[in-house]
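Using the sequences plus the hints, can you model the full thing?
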Amino acid sequence: MNKTMKRSAAIGAACAVGLGLVALPQAAVAAPIDVDPDTTAVVSLLHFNDFHGRLDKATTVQFAGTIERLRADYPSSTVLLSGGDNIGASNFTSASQQDEPTLEVLNALEVDAAAVGNHEFDRGVDDLTGRVDALADFPYLSANVTRDGAPIGPAFETFEIDGITVAVVGAVTQQTPSLVDGSGIVGLEFGDPVAAVNAVAAELSDGDAANGEADVVVAEIHDGSQLTLPANAPQSEQEATFAPDAAAGGAFGDMVNGLSADVDVIFNGHTHRTYSWLAPVPGVEGATRPIVQSNEYSNLIGQVVLAVDRASGDVSVEVLANHARTTDAVAGLVAEYPRAAAVQQIVDAAVDRAAVIGNVEVGTISGPITVPALSNGNRGEESTSAQMVANMYRDQLADASRGGADIGVVNPGGVRDSFLYEPTAPETEPGIVRLAEANTMLPFINNLWSITMTGAQLDTLLEQQWQRTAAGEPLTTGRTYLQLGLSDNVTYVSDPSRAFDDRVSDIAIDGELITPDQEIRVASASFLMGVNGGTPGDNFWAFAEGTDERDSGLVDQDALLAYLAANPGLAPDYSVRHVDVVGLPDGAVDAGAEVAVEVRQVDRIRSLGAEASTTVEVVDESGAVIGSGDVVVQNDAQGAPLTTAAEVTFTATFAGDGTEPALQTYALRADNGTLIPFQVLVTPAPATGSGPGHPVFGDAHPVHGDDHPGRAVGRGGEHPVFGELPGKGKRAF
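Just so we're aligned: the sequence shown equals residues 20 to 752 in this note's numbering.
The set of hints was computed from the structure by calculation and includes no laboratory data. This structure is a prediction, so every number in the text was calculated from the model and none was measured. One thing to keep in mind: the hints can contain errors.
Stated by the list, open to error - Estimated spans, in silico, between C-beta atoms of each pair:
{"id": "1", "residue 1": "Asp347", "residue 2": "Val379", "range": "27 to 37 Å"}
{"id": "2", "residue 1": "Arg150", "residue 2": "Asp521", "range": "30 to 40 Å"}
{"id": "3", "residue 1": "Asn586", "residue 2": "Glu441", "range": "16 to 26 Å"}
Ideal Cβ positions, reconstructed from N, Cα and C, are used throughout, including at glycine.
Below, the structure is given as structure tokens:
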């Protein structure tokens with residue numbers, strides 16, 4: 020059958036039927052459409068995207084059960100498709116077995132075809148075209164990917180459904196080279212996915228049987244909108260959301276406006292968003308076609324049911340929906356559906372095998388690295404585990420190819436468990452870290468990203484540890500304070516007695532106080548940063564102001580394993596990233612004057628092995644101790660430091676030849692290795708001579724060991740953001 024122009028304004032009536040079905044509750048499945056089989060063929064297209072090897076004894080079987088229920092309405096006319104990223108960034112059960120169980124699950128579900136996703140290239144193109152293709156019973160489609168000018172795989176696959184030919188064309192985001200390890204894709208070219216799909220669709224629609232023909236063309240493109248809506252939002256709401264997004268251009272706009280009228284249905288992936296929009300067809304007045312993305316991790320299964328006129332070739336959309344994965348009991352689904360039973364067997368075996376694999380040694384430590392008080396319920400204190408993870412983020416993303424990170428930041432809830440030093444079964448020696456322990460510490464499989472933040476934005480981020488709504492209103496219930504874990508090159512001072520949003524000051528990176536306009540590359544997890552237009556996690560709204568988002572191509576678990584391998588004998592770091600200092604002056608003080616402050620939470624790390632400091636010192640830029648105080652400790656019921664504070668009086672010194680008030684840099688130093696610089700505005704005494712250099716911050720840091728650059732980073736007598744320091748705005752930046 021030759022393909023004809025299939026859309027006209029008359030199709031609007033048919034689309035209205037589909038729109039009625041969209042209004043059904045998510046749990047509902049529409050009854051099969053009623054057509055004359057002699058004149059009309061029916062095709063049910065099922066779609067999922069970004070499964071990412073999320074194998075689970077319950078949800079994976081429920082995923083299978085949902086597919087089987089949708090298949091049951093169209094048992095001989097269903098095509099099951101994937102939008103890519105079936106594997107990669109997987110959970111431990113799948114990742115520990117090179118995603119083989121995931122591919123077995125998809126085979127058991129009888130997936131018909133999949134677009135390649137960027138994560139299919141995580142282990143390199145040879146792994147995809149060799150091992151993965153051999154394991155998968157379905158084709159991976161890659162219309163826009165070539166190696167040395169030749170396709171790496173098929174561009175499309177055709178299916179005979181109810182007497183008509185359905186072609187599925189697959190393509191992947193053109194940004195793939197920036198998302199995976201370049202050494203695994205040498206020689207590959209990732210072309211324009213829209214142009215590639217159009218070229219194939221044109222051949223499938225040109226009436227030349229020699230190059231293949233199809234009555235229906237479906238595009239599976241692993242890219243999509245950055246916007247999202249609740250599943251099955253009204254078409255009016257989807258139009259209001261996605262039409263401007265398409266008009267703005269980008270990958271989504273290119274698909275909506277650039278895919279030719281030869282393409283009947285567009286499925287998306289990659290951005291993990293949710294939509295089922297009837298988008299306008301370019302060049303065909305009044306016509307629409309579905310563009311669908313179905314969230315992630317099998318949460319939703321997209322469905323488009325088409326009615327195809329056997330005589331004219333006209334195609335109408337009868338059902339357009341994203342169906343929520345069923346929550347029905349696994350036992351019932353297994354009893355009812357043979358494919359669900361097969362999936363259960365595969366997943367159960369994979370989970371059992373992963374438990375054995377989890378006993379493999381992946382690293383060593385020289386002391387316990389734990390969450391606060393050996394519980395992830397305390398999210399208001401620093402911990403050796405969170406600091407280690409933040410260091411890992413920074414170090415694993417430090418290379419320019421991974422994002423060029425300067426610092427690492429982790430939310431306290433993102434670090435879920437500890438590395439204990441004493442042996443636990445099956446270990447026989449202390450200090451062993453097993454794969455299962457690494458998986459338990461970071462169980463969420465977050466992608467690691469980096470963004471650029473200014474010094475002012477970093478200041479705002481740290482202020483947001485005192486939790487607030489998106490509108491900026493302080494939270495008064497629940498966890499009102501969340502302590503971010505920071506890499507060991509970041510310090511700051513806080514004063515909780517000051518007003519909301521005026522508590523953080525003296526932020527330093529690598530021992531040098533930052534400036535408001537300074538650009539800082541920050542590494543963290545996708546959840547916390549809210550990348551790709553998402554909402555930042557845990558109310559850390561400042562991440563949304565960052566720029567130059569870059570996906571490292573790494574997930575947190577893989578990055579942690581690499582970090583452990585590169586750092587055998589990893590030691591806990593008991594120095595703190597910040598202390599509370601109450602009483603630092605807002606205005607200028609005279610050189611030689613005594614300044615009295617209270618330093619609180621000197622030992623705010625409540626991880627196993629932490630010991631209380633005995634003394635806090637203040638040193639000036641010459642390295643001289645200009646004040647000190649004894650630490651008073653109050654322990655909790657378990658004997659760990661609950662509060663540690665010191666009353667410290669120091670003598671203000673003035674370094675240099677100036678005669679006007681200038682910011683002087685001092686540092687708080689504690690027994691636990693803490694070294695935190697801060698500044699005070701000081702008026703010089705008459706005839707002040709030149710002072711020495713910067714031996715404190717130029718010397719080896721007691722924790723990092725690296726020589727700090729030694730250049731003084733003063734801010735002058737006037738603060739560049741808040742004006743003159745005395746009595747105005749924040750005490751110091």
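Structure-based check of each hint:
1. Asp347 - Val379: 27 to 37 Å: Given range 27 to 37 Å: holds, Cβ gap about 36 Å.
2. Arg150 - Asp521: 30 to 40 Å: Violated, at about 57 Å.
3. Asn586 - Glu441: 16 to 26 Å: With Cβ atoms ~20 Å apart, the hint holds.
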